[in-house]
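*Asks:* Generate the whole structure from the sequences, applying the supplied hints.
There are 8 protein chains.
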Amino acid sequence: MREASRAPAEEDLGFARVDHDRVRRRGYPETILAQSKTCAEILAIATSLVRSGASNVLVTRASAEALAMLAASFRDAVVVPEAQLCVLNPVRGPGVGRVAVVTHRVEDVPVAEEVAYTAEAMGSAVDRRFDAPFASPERLPAWFGTLGSPRVVVVAQGGGGALASVLAGLARCVVVVVPTSAGSALGGLPAMLSALNACAPGVVVVNVDNGFGAGYAAHVINTTGELCGSVVGLERGA
Amino acid sequence: MREASRAPAEEDLGFARVDHDRVRRRGYPETILAQSKTCAEILAIATSLVRSGASNVLVTRASAEALAMLAASFRDAVVVPEAQLCVLNPVRGPGVGRVAVVTHRVEDVPVAEEVAYTAEAMGSAVDRRFDAPFASPERLPAWFGTLGSPRVVVVAQGGGGALASVLAGLARCVVVVVPTSAGSALGGLPAMLSALNACAPGVVVVNVDNGFGAGYAAHVINTTGELCGSVVGLERGA
Amino acid sequence: MREASRAPAEEDLGFARVDHDRVRRRGYPETILAQSKTCAEILAIATSLVRSGASNVLVTRASAEALAMLAASFRDAVVVPEAQLCVLNPVRGPGVGRVAVVTHRVEDVPVAEEVAYTAEAMGSAVDRRFDAPFASPERLPAWFGTLGSPRVVVVAQGGGGALASVLAGLARCVVVVVPTSAGSALGGLPAMLSALNACAPGVVVVNVDNGFGAGYAAHVINTTGELCGSVVGLERGA
Amino acid sequence: MREASRAPAEEDLGFARVDHDRVRRRGYPETILAQSKTCAEILAIATSLVRSGASNVLVTRASAEALAMLAASFRDAVVVPEAQLCVLNPVRGPGVGRVAVVTHRVEDVPVAEEVAYTAEAMGSAVDRRFDAPFASPERLPAWFGTLGSPRVVVVAQGGGGALASVLAGLARCVVVVVPTSAGSALGGLPAMLSALNACAPGVVVVNVDNGFGAGYAAHVINTTGELCGSVVGLERGA
Amino acid sequence: MREASRAPAEEDLGFARVDHDRVRRRGYPETILAQSKTCAEILAIATSLVRSGASNVLVTRASAEALAMLAASFRDAVVVPEAQLCVLNPVRGPGVGRVAVVTHRVEDVPVAEEVAYTAEAMGSAVDRRFDAPFASPERLPAWFGTLGSPRVVVVAQGGGGALASVLAGLARCVVVVVPTSAGSALGGLPAMLSALNACAPGVVVVNVDNGFGAGYAAHVINTTGELCGSVVGLERGA
Amino acid sequence: MREASRAPAEEDLGFARVDHDRVRRRGYPETILAQSKTCAEILAIATSLVRSGASNVLVTRASAEALAMLAASFRDAVVVPEAQLCVLNPVRGPGVGRVAVVTHRVEDVPVAEEVAYTAEAMGSAVDRRFDAPFASPERLPAWFGTLGSPRVVVVAQGGGGALASVLAGLARCVVVVVPTSAGSALGGLPAMLSALNACAPGVVVVNVDNGFGAGYAAHVINTTGELCGSVVGLERGA
Amino acid sequence: MREASRAPAEEDLGFARVDHDRVRRRGYPETILAQSKTCAEILAIATSLVRSGASNVLVTRASAEALAMLAASFRDAVVVPEAQLCVLNPVRGPGVGRVAVVTHRVEDVPVAEEVAYTAEAMGSAVDRRFDAPFASPERLPAWFGTLGSPRVVVVAQGGGGALASVLAGLARCVVVVVPTSAGSALGGLPAMLSALNACAPGVVVVNVDNGFGAGYAAHVINTTGELCGSVVGLERGA
Amino acid sequence: MREASRAPAEEDLGFARVDHDRVRRRGYPETILAQSKTCAEILAIATSLVRSGASNVLVTRASAEALAMLAASFRDAVVVPEAQLCVLNPVRGPGVGRVAVVTHRVEDVPVAEEVAYTAEAMGSAVDRRFDAPFASPERLPAWFGTLGSPRVVVVAQGGGGALASVLAGLARCVVVVVPTSAGSALGGLPAMLSALNACAPGVVVVNVDNGFGAGYAAHVINTTGELCGSVVGLERGA
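Chains as they are written, first to last, in numbering that gives the first Met the number 0: chain A, 0 to 237; chain B, 0 to 237; chain C, 0 to 237; chain D, 0 to 237; chain E, 0 to 237; chain F, 0 to 237; chain G, 0 to 237; chain H, 0 to 237.
Don't read these hints as lab results, they were simulated from the structure.
No residue lacks a Cβ here, since even glycine has one placed at the ideal position from N, Cα and C.
Just so you know, not all the hints are guaranteed correct.
What the hints assert, rightly or not - Partial pick of chain A residues on the chain B-facing surface, computed with a CB cut under 10 Å:
#	residue
1	Arg24
2	Gly96
3	Gly168
4	Val174
5	Asn196
6	Asn209
7	Phe211
*Replies:* Structure representation (structure tokens):
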């Protein structure tokens with residue numbers, strides 16, 4: 000019987016139930032948002048996931064303390080302080096497709112790195128381009144041409160948020176915008192509204208500073224037509 | 000020389016410059032947003048695009064009067080009153096890939112149809128599913144299973160906007176949310192914020208009531224890995 | 000005469016008047032919101048209430064320092080650091096009816112515990128269920144079935160706030176939502192708006208992070224038809 | 000087998016799926032929100048529900064035209080123009096428990112009537128009290144005393160929204176607030192915020208002008224401990 | 000000549016021009032808002048005003064450090080730490096008229112004290128009443144009766160802000176509301192909106208936490224018909 | 000006994016209870032806000048108040064139709080179409096004290112007239128000054144000097160709302176601001192915020208377009224020290 | 000003496016005081032905002048200004064009816080229906096300096112024309128450029144180069160508002176942004192926020208849809224160093 | 000060939016590309032916003048710009064630590080702690096034209112100084128006037144007259160923001176407003192809205208606290224007609 004032969008779908012840790020079935024359902028294991036959790040909680044969930052055999056487990060929004068704890072606890076953990084994240088049980092390959100991650104302000108780089116490492120951890124090839132010459136619009140098209148043919152472009156943008164609107168006029172692929180709050184009044188709202196109201200079609204938006212969400216969506220788009228598309232339904236058993 | 004042999008990139012109509020080069024750059028011709036234009040302006044732009052050889056030219060947010068004018072002026076126009084749009088010079092094929100367009104409220108259907116017709120006009124195969132059993136959550140997973148394996152799911156949602164959050168927990172592909180303002184206080188804002196803050200990753204958002212934008216993005220995602228990805232750069236010429 | 004024989008309705012502490020008559024009027028003694036008070040003020044009010052004979056006196060939003068002071072001053076105080084509250088002069092019984100307190104994010108647990116301890120302190124039987132499988136919607140109905148027949152469900156939800164909308168489609172009883180600000184941009188607003196605009200009827204809302212208010216309302220609903228319902232009116236005396 | 004012998008759970012009308020299973024699951028049939036539907040759509044859904052045997056089917060936010068159509072189509076329909084609603088296949092009994100519906104401004108009466116008729120259609124005994132002497136605070140306690148012992152009080156309040164805060168200080172039962180937008184700048188927001196931030200506990204809130212939602216919640220609270228409380232779970236079959 | 004015989008209207012301190020003419024024009028000397036000023040700046044302005052002969056000079060929003068500096072520098076300074084203010088060159092009399100300052104939450108007392116000390120410093124008799132029995136509405140009218148006949152009532156209110164709406168139904172005089180942000184989400188906005196939208200007329204509002212502004216306005220209203228009313232006009236010379 | 004000999008405190012009209020006791024309590028009869036009432040409702044309330052002996056009864060926000068009805072029903076009604084109001088059973092005297100009503104934009108005159116007629120109906124002498132030379136700041140002080148010594152200044156201001164801030168620097172008396180929405184984006188919000196944040200003390204604010212509220216408050220302030228100040232308390236009987 | 004020999008500074012029309020002194024003070028006569036005024040009021044003010052000798056008097060936001068009335072009343076009036084304005088007593092010269100008025104959406108043209116006609120009426124040479132190729136960013140720099148050397152660029156932009164941010168990276172002169180509400184959710188707010196937060200310096204902003212304000216500012220900037228700069232001061236007389 | 004003979008347009012520092020071409024394009028070198036950068040990043044960019052020959056390089060929003068580092072690294076750096084900025088490779092001249100920088104609150108001086116130093120660093124003559132007698136409106140016109148004839152007035156204003164509205168009625172030149180958040184609720188929003196809605200034309204606005212942006216725009220306006228106006232276009236080469 001199917002239910003019986005399958006590994007247990009979840010582990011109950013008391014304070015949380017860990018979802019071991021996520022890879023089967025959504026193609027990627029559960030991610031640990033470290034932000035509001037204690038080191039002990041993070042460690043317990045991480046151990047549960049790694050023991051279940053999940054690979055490339057992401058821990059995001061992790062403090063320096065949490066990253067140190069993870070590095071000490073998991074020998075092969077890939078720790079990325081600049082993006083406040085860590086990848087457990089990493090299985091790195093060449094990367095499929097191509098995701099371009101773009102920004103033009105130094106203060107948007109941490110969010111952009113969260114995008115890039117997330118997509119890489121999921122298996123995408125990532126092209127980091129943090130030097131978009133937005134202040135020199137006449138150089139922008141040629142610069143964009145050097146990106147070649149990415150399957151998706153992610154723009155991390157703060158301030159008034161105009162960069163994505165311009166790039167969407169140049170790109171054939173989808174442009175995913177992650178508005179950033181760095182150095183902005185109103186917490187990234189202007190950049191978010193600018194992207195949501197962009198005149199050029201082909202722009203989609205995730206929440207302010209949600210680099211993980213942008214990287215996740217970018218990977219899924221990047222692999223559309225290959226890995227993507229099957230859905231979970233109770234009737235799929237037999 | 001390539002630049003010389005190419006058709007003129009645009010036509011100057013006096014009140015607007017029509018972009019004939021859009022297909023080459025972005026893979027799809029310019030779309031006419033009829034909302035704030037006179038019938039004469041719409042006709043002039045439409046004629047310019049059709050004469051330039053563009054096919055499947057979309058006219059969106061068109062009034063009944065504008066649709067009647069287009070039907071009278073372009074013999075083979077496909078007029079879709081329920082989505083307030085029209086397709087000129089239509090070239091229909093079987094549709095590639097698969098886009099599922101989902102909603103669960105009758106009042107969201109007009110926006111959902113704008114999504115569906117837009118994606119179809121661009122060449123995607125579309126699966127309209129306007130009967131999501133959201134009020135009966137225990138039936139939702141099985142219902143979602145009947146969708147099979149779409150490459151992208153678009154959710155048109157108003158009210159409190161929870162549907163997309165649930166579907167994102169079931170889907171392998173990206174979920175594009177178009178929040179709707181129909182029958183909602185605060186103009187679709189709750190549905191938009193709910194989607195932007197969804198706990199499940201893989202959700203991206205377009206502006207309130209922007210069915211065209213959602214359909215456009217859905218088509219581009221749907222064809223990622225096939226048609227998508229090349230970018231325009233000035234240095235790419237010869 | 001009734002007015003004459005009654006104990007004094009209040010005690011004047013100089014900086015505040017303590018309401019000793021609250022149990023008679025509303026069925027539960029005055030609660031001490033510790034948040035903006037000094038330890039000396041908290042102690043004075045607490046002493047006044049306990050001396051008046053009030054039992055199960057709640058002190059909420061108490062700092063670690065305040066909790067330590069109360070534990071030292073009142074021998075039988077029940078101190079609950081994880082919910083930042085304390086119960087003085089506790090009289091515990093088996094608990095009446097049943098209140099289910101539900102959440103699915105670890106970061107919402109403190110608010111959920113404030114809900115649960117408040118309802119318990121007032122006399123309700125409480126079922127803590129902090130592991131709602133929201134990320135696996137196909138498991139949600141079965142999980143919800145294990146709750147049996149609560150008289151009221153309280154949902155502590157942050158993020159996009161979709162959980163209550165789904166549960167309301169499954170529940171016969173009222174669903175009380177306490178939106179949380181933990182780990183959320185916009186201070187819990189998306190979760191609040193999502194609940195206020197939920198499509199399924201039977202959802203009511205309290206203020207962001209107001210776990211005490213949700214627990215209080217849940218207890219009163221839970222005991223409707225038994226303890227609840229009489230009102231105070233000046234003409235009722237004599 | 001129970002599943003097999005049960006009537007079909009829903010009827011597919013093409014433009015909507017009617018949920019015939021709602022009574023079993025939630026204790027009350029599906030309600031028809033007429034606001035954004037055509038007369039033909041309303042009629043089709045209403046006919047489907049009535050044919051399935053559902054009684055006391057509510058149609059809310061109905062235009063005069065829709066009400067006339069329903070009166071002509073369903074002989075025993077109870078039409079309530081002042082609350083813009085209609086009850087189909089009515090089965091009236093004495094009404095259980097007691098819901099007090101309170102307001103103090105003439106302009107809030109339509110929303111208050113929507114509350115009252117909704118609760119009555121569901122089976123609650125309702126006490127309409129639209130003359131709260133809010134402008135004469137010294138008369139308010141005595142006036143409130145004349146309500147006796149309702150199981151729940153619903154307050155429809157616009158303007159600055161202070162009435163519910165005062166009544167919550169007098170009531171033992173829960174106070175449900177439905178903020179109204181009538182005659183208010185900012186669309187009922189001040190009344191909603193006032194209720195959400197009320198100092199007295201025991202106040203819960205529904206969305207602005209959502210009289211149906213307030214009446215629905217009031218009925219469910221009113222019948223807590225009797226009809227209320229059982230939940231739907233997939234494991235309950237067999 | 001009038002201009003010549005008058006003392007200089009202002010003193011230029013380099014970083015600020017001190018207005019010595021304020022008493023003549025508005026009936027009260029310039030007040031020093033200490034909040035964004037250094038101790039040296041405060042001292043310089045204070046010295047300039049005191050030397051010009053101004054009495055009852057107010058320094059508001061002063062830090063503990065600034066208050067200590069002022070106490071050391073001006074021997075007869077009246078320092079009020081609980082209201083974060085200080086009165087220099089005090090000339091106390093019996094106080095004219097009567098201003099009642101009312102609140103019902105301990106956390107609103109600091110703002111209420113700023114109101115009270117400001118009005119006293121300007122010359123009003125002030126009646127502090129920080130124990131309004133708002134949670135016991137049936138006691139509110141009698142409590143209010145004990146105030147006698149104030150010429151103006153100032154209400155410092157946070158939370159949902161309903162107190163002023165009730166008192167305005169009892170008072171003959173004007174009710175000035177100063178909304179407070181203490182212990183409130185949304186920074187005092189609900190209390191402000193509640194007061195601005197109060198159904199009872201006779202309510203006027205100052206900015207959130209602006210205890211000084213409320214006390215100033217209360218004094219001016221309190222002395223209307225006696226000291227108040229003359230205006231400054233350039234043509235008034237002779 | 001006083002309570003026994005008094006006329007009934009209210010009349011129950013079925014749809015509303017008319018407060019006949021308002022003059023005794025607050026010094027002025029109940030005002031009829033016509034905005035959301037039918038002509039029949041307005042007539043019934045008006046008749047009840049006039050029959051009870053109330054004089055100078057105000058009907059505000061009245062449509063042309065309602066004003067015509069009132070003029071036909073009450074022979075001596077004073078009808079003021081430009082302020083959308085009417086005074087029933089008028090008893091005009093010379094007017095006490097002095098209220099200056101000020102504006103500088105033609106579009107603010109209707110609200111300013113509502114202020115002026117309200118204060119006059121209550122018994123204040125009113126000085127209409129709708130020509131403040133705000134665009135010529137150098138003429139403003141002299142113009143303000145021509146007002147003499149009003150006891151209160153009311154400013155009706157829209158746009159950016161700076162006028163009250165300037166006048167408050169010139170006035171000894173209180174400045175009441177009624178922000179207006181006429182010709183403004185954001186519904187009068189900028190004018191309201193400007194007044195609430197005015198640097199000069201002595202400014203108080205009522206709600207946007209609330210000319211009645213401003214006029215009412217102005218009259219009460221104007222008569223402070225004479226008519227004003229006694230409060231209602233239940234213990235005052237005997 | 001100069002003051003004595005000068006014409007009267009203003010004319011009192013009863014409902015408004017017309018400022019005849021504006022040209023001397025600010026370099027341009029008073030403008031008539033027709034929006035909230037009757038035809039009779041507009042005519043009276045217009046007549047007063049024209050009789051005083053003012054030339055190039057602007058009437059803005061005028062209805063078709065008002066424009067017809069002005070055309071009939073002033074023989075040489077220049078009526079511009081597409082910008083809803085009219086110029087009375089026109090004195091046209093060659094135009095000084097150069098103001099470029101730029102937009103890229105047909106729906107922004109009415110506001111752009113209000114900018115252009117305002118600047119022209121004041122005396123500036125205006126270059127209308129309503130065809131910015133924003134959707135083809137690689138053509139934007141060359142297109143901008145064809146503008147030559149304007150002294151100020153005004154951008155009328157709706158939607159997400161990115162155009163000004165790009166142009167500011169190309170321009171040496173100031174870029175004035177007038178955000179437009181046409182075809183936008185949120186009333187032009189995204190375009191306004193985008194401009195206020197633009198990364199490139201040299202961008203200044205006027206209110207949404209305030210074409211007159213943008214044109215006025217553009218003219219004053221355009222003539223800086225020539226006509227501009229003298230200020231009015233009372234001490235300048237004699 | 001021009002492109003070949005020109006110095007490299009930018010230097011790639013790895014974490015950022017420094018734009019050496021900015022002077023040619025926009026007339027002023029790139030400015031370093033220090034706020035979100037490390038000292039090492041600031042130093043690297045500063046060194047790159049200074050080595051490229053750029054003069055008067057601005058570093059803004061610099062911490063005390065960053066300023067100390069710059070003072071130690073660049074011998075002739077002009078360090079301005081009160082405006083949190085620094086000018087590298089300073090080349091001071093007499094200053095052209097005249098920019099008046101105006102404020103009336105001590106707490107707005109830091110932003111006003113950022114305006115003033117920015118304009119001076121770019122080459123403008125600046126007149127600091129931080130003592131506007133706003134609280135004494137009758138002195139304001141004379142005070143403004145002492146400014147003479149500036150080419151542009153910049154107003155740094157917080158609070159209710161009325162100062163710019165008044166000055167715009169006195170000035171011939173443009174008034175640039177930089178709203179400040181110092182000592183204000185709502186983060187400078189009231190001052191921003193007041194300026195955007197000012198009745199007097201000729202007012203333009205930059206973002207809250209953006210003293211650099213205001214100073215930059217002021218300098219460009221100040222030099223209009225002399226240095227200003229030429230634009231960059233790719234086709235302008237030879």
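*Asks:* For the hint on Gly168 of chain A, does the least C-beta distance to chain B fall short of 10 Å?
*Replies:* 8 Å, holds
*Asks:* Min Cβ distance, Phe211 of chain A to chain B: is it shorter than 10 Å?
*Replies:* Holds, about 7 Å.
*Asks:* May I ask you to test the interface hint for Asn196 of chain A with respect to chain B, counting a Cβ-Cβ separation under 10 Å as satisfied?
*Replies:* 6 Å, holds
*Asks:* Let's test the interface hint: is any C-beta of chain B closer than 10 Å to that of Gly96 of chain A?
*Replies:* Holds - the Cβ of Gly96 of chain A comes within 10 Å of chain B, reaching about 7 Å at its closest.
*Asks:* Report holds or violated for the interface hint on Arg24 of chain A, using the least CB-CB distance to chain B and a cut-off of 10 Å.
*Replies:* 7 Å, holds
*Asks:* Go through the hint on Asn209 of chain A and say holds or violated, using the shortest Cβ distance to chain B against 10 Å.
*Replies:* For Asn209 of chain A, the interface hint holds, since the closest Cβ of chain B sits about 8 Å away, which is under 10 Å.
*Asks:* Mind checking the CB of Val174 of chain A against every CB in chain B and telling me if the closest is under 10 Å?
*Replies:* 9 Å, holds
Consistency with the previously given hints is maintained throughout, with no hint failing.
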